[in-house]
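Visitor: Which chain is which? The protein sequence lines are A and B, in order. Every letter in the first sequence is one number past the one before it in the working numbering, and letter 7, counting from 1, is 8. Every letter in the second sequence is one number past the one before it in the working numbering, and letter 112, counting from 1, is 211.
Note that these hints are calculated values from the structure, not bench results. Using N, Cα and C, we set each Cβ at its ideal position, and we do this for glycine too. Honestly, I wouldn't trust all of these hints.
[Said to hold, decoys possible] Residues from chain A shown here face chain B by an in silico Cβ test under 10 Å; the list is partial: (1) Leu8; (2) Val9; (3) Ala19; (4) Ala28; (5) Ala41; (6) Ala45; (7) Phe49; (8) Gly58; (9) Phe64; (10) Glu72; (11) Val74; (12) Ile83; (13) Arg87.
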Amino acid sequence: MNPSNYLVLSAVLFTIGAMTVLLRRNAVIAFMGVELMLNATNLALVTFSRMNGDLVGQTLAFFVMVVAAAEVVVGLAIIVAIFRTRQSASVDDVNLMKG
Amino acid sequence: MNGFTAPEVAWGALSPVLVVLGAAVVGVLVEAFVPARARRLVQVVLALLALLGALVAVGLLWGGVERTGGTAVLGGSLVVDGPALVCQAVVAVLALLSLLVLADRTRAGQGAIAPSVATVPGSEAERLAREKGLQQTEVYPLVLFATGGMLVFPAAGDLLTLFVALEVLSLPLYLLSGTARERRLLSQEASLKYFLLGAFASAVLLFGVALLYGYSGSLRYADIAAATATPSPLDGLLVLGSVLVLVGLLFKVGAMPFHSWTPDVYQGAPTPVTAFMAACTKVAAVGALLRFVYVVVPGLQWDLAPVLWGVAIVTMVAATVVAMVQTDVKRMLGYSSVAHAGFLLTGVVALDERGVSGTLFYLLAYGVATVGAFAVVSLVRQGRSGGAQLEAADLSAWDGLARRSPVLALAFSVFLLSFAGIPLTGGFLGKFSVFSAAVDGGAWPLALVGVLASAAAAYFYVRVIVRMYFTPPADEALPADEVLLVDDATAGSPSDAATGTGATALGTAGTGTLVAARPAATRTAVATSQGLTAVTVVVCLIGTVLLGVLPQPVLDLVGSAAVFLP
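Chain B with its partners taken away, still in its complex shape:
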């Protein structure tokens, strides 16, 4: 028997992942040992520091990777190269921004997370949990675990790491989507749907992994790619396995026809979690998809191109059409995110170097606007001033928002214009770069469909802007359907005065200025942020505009990082 040989581990290259996952484990210990009163503060600070630390670690690795083109660590299980580092940096920034939204409980103490998720909605136990001012602080370690998985996902260099990272990022998200404080039935429903469909998709991906392993005898991307070069009687396994793995990845990206979870989960999950999920999951999944398509199966281009083309076209067209008829703002943003998955796929299908850099830029622009948009959604409420306020889900509640809160309306308009791809916003350059890459890569029909779909999509984005600026706010009470009644009962009174000042629920977020509180019943209000959400909105606003006006530094950065280490 040989003695045990310790593996060589390049700790430095792993540091972004280690910092985040280590902090997540510490966060679990904090739950056990820190007194309840101080727990939330400790968790928030710990999570923020961890994400900052990951960002710094990525920055430190950047110079070396730019010089050498990247390294494979742990025997190739994890590949630290340009695209991986860009994805990790983007995930860390976006997670940081959405964490700020998650940590903000508003001045009225009505945060997004239920005081105790385990209690039955509408029960005595839930009322008691509210009165006692309980807080479900486990969400912060869960966010960190999910972020850790997202950092590994685009850097995975073999199929085993890919699968484990997929599960590490998914499992916390299933739980997080069920933690909403208001509309808890919808939240639990979102959680169940996400879980069942997500588990199904991971099983499909895993079967694809098994087939690829059977084909090539290895899990390493590089070995599988080498095996595709020579024809073999097992080629059927290769094609079927690649398609199944792609289906698993496209599910996470949220492309049609694997999108059915997206609108439901985006609508039901707590808004900060939706922001996190919409932005970071998309970045991580598209990063993993890029690596799989560019490294493992470029030899299969002729077999897989029709599949990817079909998915991209169906996604862009159908999602745009369905988004037009939505009346719930989060659901509309959900379908818009599905449409963006289609635009991102055009960059992936382009299969040239500019496709990679274009997609990476698009991811950043899309992510920043998404987090910002959901941060705004988390502040616009409907309900009695000073009483229980629900997030203004229905678009009719957004009528005339510009009069109540010009800052929020302006920010939301910029984010929507960026989604629509209007010049001088980040979204325009993102779309321009993926479409031009698609034309260069010979996929001009995709670019054509993409441009037409963007033009059509502008309709439902601009419709919201028109409502905010030019439609007078409806003064009659909103029609309360059954669901709303249940939720109102569940929402209870905000007597968990952990952060006090319950009466000053009206005001503009950015400045904290109070506007006259109307005593009437159900109407749109704007929750006063504790400052954290306002920071996110402002940072995302500046980011979106800067990416549109002065994109050159970022374009250079992603341009120099667009080569995958085989």
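Only chain A is shown next, with the shape it has when bound in the complex:
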């Protein structure tokens, strides 16, 4: 199978992730969109790695996984802190600052 199909899939997943971040109102769902974007990137990296015939892309994919895990730790901590204060994780409610 032509590896460029995987690139198309990765671009589609990335776009879905980006749309999720921009359109969904729940902070947890928006954050899942970010994770989808990162994993779409991983798919692209691994595909390019296969096409180029080296391991650089796969190495980078491992780094991305570690970073994504660290981001989950920080992100969920922040979202939980907000939820405990406001009993809501909707990004529309978080609007004290404007202008």
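Knowing the structure of chain A, use the given hints to seat chain B on it.
Guide: Just chain B now, with coordinates in the frame of chain A:
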């Protein structure tokens, strides 16, 4: 199977980064093993020593780099050349200055950081944490981790290092912006906004990295630059990948239209953290942007120049206009920092050697004034004397500050004049050097827009100075809207008498002189610094003036350091 070959590591060239990150790890251990009473002192001393050590290490590397033009360490992952070292030195100095502000809890014991960040604002647990005098000392290792990332960011020689450094500098900042002691709802909101938008921007940058890797088959800047020289059917990947990476970097720089986090986060985060973030992140991100634009994609100038030009012009004009209507001082400084990102971009777009040195000088001048300005903001409070004091966020609370505290008013005026680019301040020479570089590089329309925007920006800087010197202070109590009420309840009473002397909350910072405390209700007051913030204000003041009056040594230094190692 071959045996394992150990990589060759040039430890010396890595020393600034290693010192800071090593101290950050030690700081985490300090949290676990040092008794609570001594923890804060140990953390502050450790962090200060680490940043001093990084500065010394950069100084030691300087001679060698000036002779040889720089070295690539770890197989090119990290490039130690002139611009990288200048950025590292500036980041270390500015982090040191903002750390002093962060460590200052004022004589009333009302520092910027919440006693326990995990507690729900307004809850019983929070009140208890205040009474027990708890202190969230984890902020110091977090600042060191972020600084470590910022030291790597402008020196990154491949896209993997760039991405990892971006995350190492960003993740601690997301947490730090949520740690404010007062106005905790705003702080948490800033933290969430910064996190969601920051994670989104890193994902965009990462997809750009993947596309560039697919185009060139390598992550090294030098290899990608070599690949751009020959036309290939994959050029679409190159252009799209470069644009996505640039978007990620411009987000960190805070340029429009990727700026939407800047004012909210600057307003909500604890003021010392804002100082750190505004100054150091900008230096690191602009350093990384310079390297990317000058090393990786100069061959793409014709494709990317319209993008960068557009971003620079929109940033300068729109940020200046929006800043004029702000009434919150931190928010105004936030938009001003966005406008400065536009001015810095003119130096980046110039694409000649003077653009690099001009931008580096601008970064230093801007950073010093920024840390100083936020240090002043952290001292000007409103509230009952001796009682809970909130930072004077609204500009109306700054009326007549010069009568209460001439030193602070003078310092703030100098910083604002430097932002505005008035001669005899560092900001003037910074703007002059980036604009003249832009003219030399053929980007004269950008310089023209920049000059006009600076002229317009002078309006809202001077407006604050007029308020401080010529407007009599309002004596009636400030209108307390709902948010303020919530925060007042949250602020509680400063009974965490860890540093004692709660009653002497009024006075001028620089001298520590007490002025008559008025017993009335809500009004502007000046918190007495423990000395650390005063040091920062004075150093930044001297720095800003010296950069404007005797800039030659610094200009020579950045001039000799303006060549990127390919």
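Visitor: Report the numbers of all earlier hints that the structure fails to satisfy, in ascending order.
Guide: 2
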